[in-house]
Amino acid sequence: MMELAKKQTATQSQKLMVFVLTMALYGLATLFTELIPQFQAGIVEFSVEYFLFIPLTLAMLFDPLSAALGAATGELVFSEIMLGQFGGLGELEKFLTVTIGVYIAGRMVKDPRNRKMVGIAAITGTGLQLLMGTVVDILKVQFAVEDFEAVAGLPESVFATEGFAFLNDLLFSGILFCLLPTLFLVPKLYGKIEPLLGMRPRDEKTWLGGVNVKVVVGAVIAFAVACAAELLASSGLSLVEWEASWAESRTALAIGMVVAAVVVVAVLVVLKCKNRKEKVTQS
Amino acid sequence: MASKTKKKLSENILDKFSIDFLRNQVLKNAYGNDDTVIAKLDPRILLIWYLFLGLVPWFVSDLWFLMGCFLLVLVTTKLARVAGLVLLLFGIGVFTQTGYLFIVALFFGGDASTIAPLLVLTLKVATCSLASVTVFSGLDPDRLSNGLMWYGCPERLSFSISYAYRMLPMLMEEFQNILLSFRMRGNPPAHVTVWGKIKYLFYQVKVVIHAFYPLMLNTAKRSRTTVEALEIKGYRYAAVNPQVKKMKLSTLKVTYNDLLFLAVSFLWIALCVLASTLF
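Chains as they are written, first to last, in numbering that gives the first Met the number 0: chain A, 0 to 282; chain B, 0 to 278.
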């Protein structure tokens with residue numbers, strides 16, 4: 000009986016396996032989506048940006064947290080860092096929203112053979128991720144552009160484009176690239192892929208339990224962090240605002256900076272030359 | 000004649016965007032330029048440099064300063080010899096972030112006055128992303144992950160970076176092979192008419208999704224092998240051991256070149272600040 004109770008959660012190395020698996024697969028997929036240009040038919044954007052079905056599927060079959068973190072890391076490493084598109088602190092937002100969406104979807108599924116639940120979880124996870132992204136995007140533009148309200152036509156256009164993009168993504172990419180593939184893959188992989196990692200398929204016994212208060216609170220905190228990171232990355236205009244009162248000394252300060260920089264460069268060049276000469280004389 | 004040229008052009012573009020081309024570009028970006036000035040710099044110094052140019056422009060809205068930063072990262076990007084595809088993606092990215100906002104703003108009754116704040120926004124976005132292009136695709140992946148580790152990033156992240164760069168060529172090849180075998184056995188719908196083309200598109204999407212089924216099983220097997228190999232080498236123990244970390248990072252060394260790079264950047268920024276105070 001103790002043995003059974005212990006088997007409920009995966010071991011550390013199995014979690015690492017799930018992490019590596021999700022990272023490699025989702026990373027590969029996001030790399031392609033990053034490289035394939037998006038094409039538009041009329042107003043409907045055929046953005047193939049959503050291979051989210053991969054981590055969703057794996058989160059429903061394996062440990063949800065490892066799969067979620069693996070997916071987010073995979074996206075970060077493969078498509079952002081490898082292609083040199085790393086956006087600094089702002090990437091934290093994407094990382095956290097993907098993690099939350101995938102994790103919650105993974106926790107929702109009790110029996111992967113139950114197609115209805117798989118479908119509901121898949122669309123909930125996708126919707127959550129998209130919604131959080133939309134909220135953050137609107138806030139971001141609001142903070143990044145000075146005098147947001149003053150720019151003619153900008154506030155309405157931001158709400159309109161972001162809202163439309165959300166609906167479009169959810170209804171088009173969400174159904175076509177998240178719901179249907181997940182519905183296809185989860186029952187097909189169930190029972191086949193788990194033995195490859197040396198695990199038992201998920202059932203009532205090995206299930207982690209549904210979405211409870213703890214998960215929700217964790218998700219809300221993570222989302223708040225995501226918002227804060229994104230806003231910190233894009234706002235803070237007032238943080239380093241030049242004060243008008245010391246406007247005269249600004250020029251002096253700038254000249255001081257230039258002089259200091261010139262001195263540093265000169266010293267470094269001299270030191271470098273000296274170093275080279277020493278090396279030559281030594282050899 | 001015109002339709003022929005058009006057909007040829009579209010074929011040309013399709014040729015360009017084959018998986019092989021993508022793979023070559025990515026590999027070139029990752030491994031192809033380790034002999035540039037940027038790649039020889041110390042990753043820690045470059046990360047500090049990136050931290051400045053990736054963050055500070057967001058907080059400043061002075062046009063002179065932003066222009067100066069933008070020119071600086073433009074030069075370093077040129078020095079890093081970044082692959083063409085990445086630069087193209089950068090262009091598209093900047094446009095989709097701000098350019099289309101301008102068009103939509105025009106649609107909602109904005110006018111030329113909308114340009115000024117958007118230009119500032121565009122410069123900010125462009126500077127930050129070019130700085131990241133310089134650092135993250137100019138540097139060797141191993142050096143980059145070592146640099147990140149020195150700053151105390153989780154071991155998991157630097158492991159992921161090293162793993163990704165080594166596995167990616169294999170994964171891409173495998174994915175391509177699976178796609179090709181699907182194509183060989185499959186019977187795609189005729190795509191002459193518009194309806195046929197739509198059906199063809201859906202067929203392609205379906206093939207890609209189906210291709211992930213064998214890929215998932217194969218990768219599952221492979222990741223088990225990887226993790227078992229790591230466990231044999233005591234990876235999870237080594238990941239948290241400070242002595243191992245010290246040994247790993249002993250190759251990092253700051254030279255005069257690195258300091259010179261920082262100093263010249265600083266000089267340029269200082270000149271920009273001076274310019275912004277004078278004009």
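No lab work stands behind these hints, which were simulated from the structure alone. Every residue gets a Cβ at the ideal spot worked out from N, C-alpha and C, and that includes glycine. Heads up, a few of these hints could be off.
Said to hold, decoys possible - 27 Å max Cα-Cα, derived DSSO-like pairs, lysine-lysine:
1. B/K39 / A/K187
2. B/K39 / A/K14
3. A/K273 / B/K252
4. A/K109 / A/K187
5. A/K191 / B/K220
6. B/K198 / A/K271
7. A/K109 / B/K220
8. A/K276 / A/K93
9. A/K187 / B/K244
10. A/K271 / B/K39
11. B/K247 / A/K14
12. A/K14 / B/K77
13. A/K191 / B/K252
14. B/K220 / A/K187
15. B/K220 / B/K205
16. A/K276 / B/K196
17. B/K77 / B/K39
18. A/K273 / B/K39
19. B/K244 / A/K278
20. A/K278 / B/K39
21. A/K276 / B/K198
22. A/K115 / B/K205
23. A/K271 / B/K196
24. A/K14 / B/K198
25. B/K232 / B/K220
Said to hold, decoys possible - Listed next, with one range per pair, are the computed distances between beta-carbon atoms:
26. B/G90 / A/F158: 44 to 52 Å
27. B/M66 / A/V224: 29 to 37 Å
28. B/I102 / A/C272: 33 to 41 Å
29. A/A159 / B/T254: 46 to 54 Å
Evaluated hints:
1. B/K39 / A/K187: violated, 49 Å
2. B/K39 / A/K14: Cα-Cα ~37 Å, so violated.
3. A/K273 / B/K252: Within the cut-off at roughly 19 Å; holds.
4. A/K109 / A/K187: With Cα atoms ~16 Å apart, A/K109 and A/K187 stay inside 27 Å; holds.
5. A/K191 / B/K220: Holds: A/K191 and B/K220 sit about 11 Å apart, inside 27 Å.
6. B/K198 / A/K271: Distance ~65 Å between B/K198 and A/K271 Cα, so the pair is violated.
7. A/K109 / B/K220: Since the Cα atoms of A/K109 and B/K220 sit roughly 25 Å apart, the hinted pair holds (cutoff 27 Å).
8. A/K276 / A/K93: violated, 51 Å
9. A/K187 / B/K244: It is violated: about 42 Å lies between the C-alpha atoms, which goes past 27 Å.
10. A/K271 / B/K39: The given pair, whose Cα atoms are some 16 Å apart, holds under the 27 Å limit.
11. B/K247 / A/K14: Measuring from Cα to Cα gives roughly 25 Å; hence the hint holds.
12. A/K14 / B/K77: With Cα atoms ~42 Å apart, A/K14 and B/K77 exceed 27 Å; violated.
13. A/K191 / B/K252: Measuring from Cα to Cα gives roughly 49 Å; hence the hint is violated.
14. B/K220 / A/K187: Distance of about 17 Å is within 27 Å: holds.
15. B/K220 / B/K205: holds, 24 Å
16. A/K276 / B/K196: violated, 69 Å
17. B/K77 / B/K39: holds, 15 Å
18. A/K273 / B/K39: At roughly 21 Å apart (the allowed maximum being 27 Å), B/K39 and A/K273 satisfy the hint.
19. B/K244 / A/K278: violated, 31 Å
20. A/K278 / B/K39: Measuring from Cα to Cα gives roughly 20 Å; hence the hint holds.
21. A/K276 / B/K198: violated, 71 Å
22. A/K115 / B/K205: holds, 21 Å
23. A/K271 / B/K196: Violated, at roughly 64 Å.
24. A/K14 / B/K198: violated, 40 Å
25. B/K232 / B/K220: holds, 19 Å
26. B/G90 / A/F158: 44 to 52 Å: Taking Cβ atoms as reference, B/G90 and A/F158 lie about 27 Å apart, which means the hint is violated.
27. B/M66 / A/V224: 29 to 37 Å: Once the Cβ atoms are compared, 33 Å apart, the range 29 to 37 Å for A/V224 and B/M66 holds.
28. B/I102 / A/C272: 33 to 41 Å: violated, 54 Å
29. A/A159 / B/T254: 46 to 54 Å: Between A/A159 and B/T254, where Cβ atoms are some 53 Å apart, the hint holds.
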